[in-house]
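Protein chains: 2
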Amino acid sequence: MDKNQTLNLRRKHIGPSCKIFFSHDPIKIVRAKGQYMYDEKGQRYLDCINNVAHVGHCHPDVVKAGAEQMEQLNTNSRFLHDNLVLFAQKLQATLPERLSVCYFVNSGSEANDLALRLAWQYTNNRDVITLENAYHGHVSSLIDISPYKLQHQSDAPSPDVYRGKYRADHADPATAYADEVKDIIDKAHSKRRKIAAFIAESLQSCGGQVIPPAGYFQQVAKHVRKAGGVFIADEVQVGFGRVGSHFWAFQLQGDDFVPDIVTMGKPIGNGHPMSCVVTTKEVAEAFMSSGMEYFNTFGGNPVSCAIGLAVLDVIEKEDLRGNAVRVGRHLTHLLEKQKEKHLLIGDIRGVGLFVGVELVRDRTKLTPATAEAQEVIYRLKEEHILLSADGPHRNVLKFKPPMCFSVEDADLVVEKIDLILTGTLP
Amino acid sequence: MDKNQTLNLRRKHIGPSCKIFFSHDPIKIVRAKGQYMYDEKGQRYLDCINNVAHVGHCHPDVVKAGAEQMEQLNTNSRFLHDNLVLFAQKLQATLPERLSVCYFVNSGSEANDLALRLAWQYTNNRDVITLENAYHGHVSSLIDISPYKLQHQSDAPSPDVYRGKYRADHADPATAYADEVKDIIDKAHSKRRKIAAFIAESLQSCGGQVIPPAGYFQQVAKHVRKAGGVFIADEVQVGFGRVGSHFWAFQLQGDDFVPDIVTMGKPIGNGHPMSCVVTTKEVAEAFMSSGMEYFNTFGGNPVSCAIGLAVLDVIEKEDLRGNAVRVGRHLTHLLEKQKEKHLLIGDIRGVGLFVGVELVRDRTKLTPATAEAQEVIYRLKEEHILLSADGPHRNVLKFKPPMCFSVEDADLVVEKIDLILTGTLP
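Protein chains in written order, with numbering that gives the first Met the number 0: chain P, 0 to 425; chain L, 0 to 425.
I should point out that these hints are in silico values taken from the structure, not numbers from a laboratory.
Even glycine gets a Cβ: it sits at the ideal position worked out from N, Cα and C.
Don't take every hint at face value.
Said to hold, decoys possible - Residues on chain P that point at chain L, a partial pick, calculated with CB under 10 Å:
| hint | residue |
| --- | --- |
| 1 | R30 |
| 2 | L72 |
| 3 | V104 |
| 4 | Y161 |
| 5 | G264 |
| 6 | F286 |
As the list claims (entries may be wrong) - Far from chain P, some chain L residues (derived; all Cβ distances over 12 Å):
| hint | residue |
| --- | --- |
| 7 | P59 |
| 8 | G65 |
| 9 | V257 |
| 10 | K280 |
| 11 | E374 |
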């Protein structure tokens, strides 16, 4: 079909709330490989944003594992199957030992919703503390705790040391931000409400590529557990080695931090719909003690688990964490040089292949350069590079490419950004 | 791995709330084809229960479509792709014209949760009326409306003309059951509460294979719409031609009935994690008017849609609806003869390949024969036939096999049931 036909059919039959990239001139992608996507005319795009295609679009090992298992068996987890238990075992090996019990589900939203159910059942409490600008999913329980979608009054401040309440010049922003969570707990208690959980992405993603100061999670966990609640680390966007130095982004906080529940999603199946919740034996047993069975039709089926196992293998075999360290360092270095050159660049922050570039009109007032960020995105699209802008002011350029992103890819995109900001691109 | 190793790893790493069939001696299934599953020793099982493997386990056309698309592209719906719009168009063609707008998601639970969000936004009301014994999914919003999991006080009575409040001897059970819904609405109004939606499976599945009397949905819809609410038909378990004579089970109620929202799941991808919500333009526009984008990472990806298209093709090409009519009729006929022979069989009810056999100890008092139903299931397993028992008393044998189930399969399972009930099986 020609692009306009596709677009017209989409307008007719797909919910208008489902937005498309570059809606005035959307891209029709027909194939992809590694970090490249190709449109219907064969034009190649460099993909800097698809964190779901974690080990590279259409990785042959992953495709093969999925196709072979689809041919053999695809059924629910009410039958025994090796793929389920081997995948669980292999996932567990990436985590602190306490986190040993898995629930396989189909999306990050299902994972976070189940995490809440686990927390409610384990603690017998109800309140959930969430961060400003957080996004945890699209099911109704998560819209309620996603200020990115729906503003609230009582969310904890985002631990953003660039634009947030306590900044890099603060003596101890980790403690200051954690004390804010304690205040929320105290206020809840004064209203006779009780805390079931604190939930946060290990690095805030849609919220603006925020890297919380080390030690923040430990202190939050102490306050939350003292109040009877649990700590849920949402790794849906940032897990599976994206940060390079560690397999999970929460591990950046230090070895002394272990969440009670970890949720996983997007990259886990390189695009295949699957996700996972991992928790402790104690939480799992409390959930079972309700007597309610948990059944998820597709969760943990042999095809999903075969794909999940293949993704873990590729991360290891191709040393994608090492690549994330090396390319991430190179990319950050190039961007830092751009910051020296272009006043519009207010902040570069990132770990591994999770990097944010915050554009501001004024480096003191931090006036968000929202329109400028959009302009960069649109101009990059014309150069066949896919990047996006996010954060509460939509002024943070987000890098979260497939993990096979190369030094040359980084060179190319930064060169183009330089030309755009310099105004020398036609 | 040997079966015990698999089981031990499962005990260690999989949430204990995730139950396994025949937990004292679970089955390890390693491959499946059509309506047959095979254990690690090569023993064949006849599958009478896997309604997810709709067109037959591992159907080659479905596997091929999935594998080929996985090799080409698997990304999100923010890019244009033909598979998405062609699948939406083809699904729409099976539905009344008014139901024209699709949202693709990953599970029946995500579909029903989104249906609630659509209803809340469109009506600006909050209350949801659900049926006794209903099950609509595992995310927290749906546990709240699933009395199968969690009993409530104020659910509408299940329109069960065998065991329910109004039975086959009632002059007009459809009206009587619909009037019960009207009473619930009136009570809600007297408490200044307002109705957002009525939700029901088109045929109650876990609730005991209940076939509502024709005309019931029309009358319920009239009452609910008058109160400002919408009618959500949950086709997750029973859609896609299972009833044979129609593509959707709600169509059994008559051509004059059109729901406002239809949710689909299980069979849609023959085991691939996907599902869909279809609604009217008016509801979709109201949802958009909230200004909140709806983004589902995996929903409507090109692989899921390729698989969905293949499933629709196979249903048509292999005349699986015709098969459901023919084999369903044969099965029901055989079971009716068993009912004449065995007092334990209280009721046979079904449409196409959705058939329930309710076992009772007393045909007047309808005392549920729960233990007997379990015994039948366990004895059938020994004969390598997979059947299950469900309903509020777990005394209803559920047939919902892959749609390629044959006359010979029906002969075999009914013969074995006969021998079990006669007591002549060793």
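Each hint tested on the structure:
no.	hint	verdict
1	R30	holds (5 Å)
2	L72	holds (5 Å)
3	V104	holds (8 Å)
4	Y161	violated (25 Å)
5	G264	holds (7 Å)
6	F286	holds (5 Å)
7	P59	violated (8 Å)
8	G65	violated (6 Å)
9	V257	holds (17 Å)
10	K280	violated (9 Å)
11	E374	holds (19 Å)
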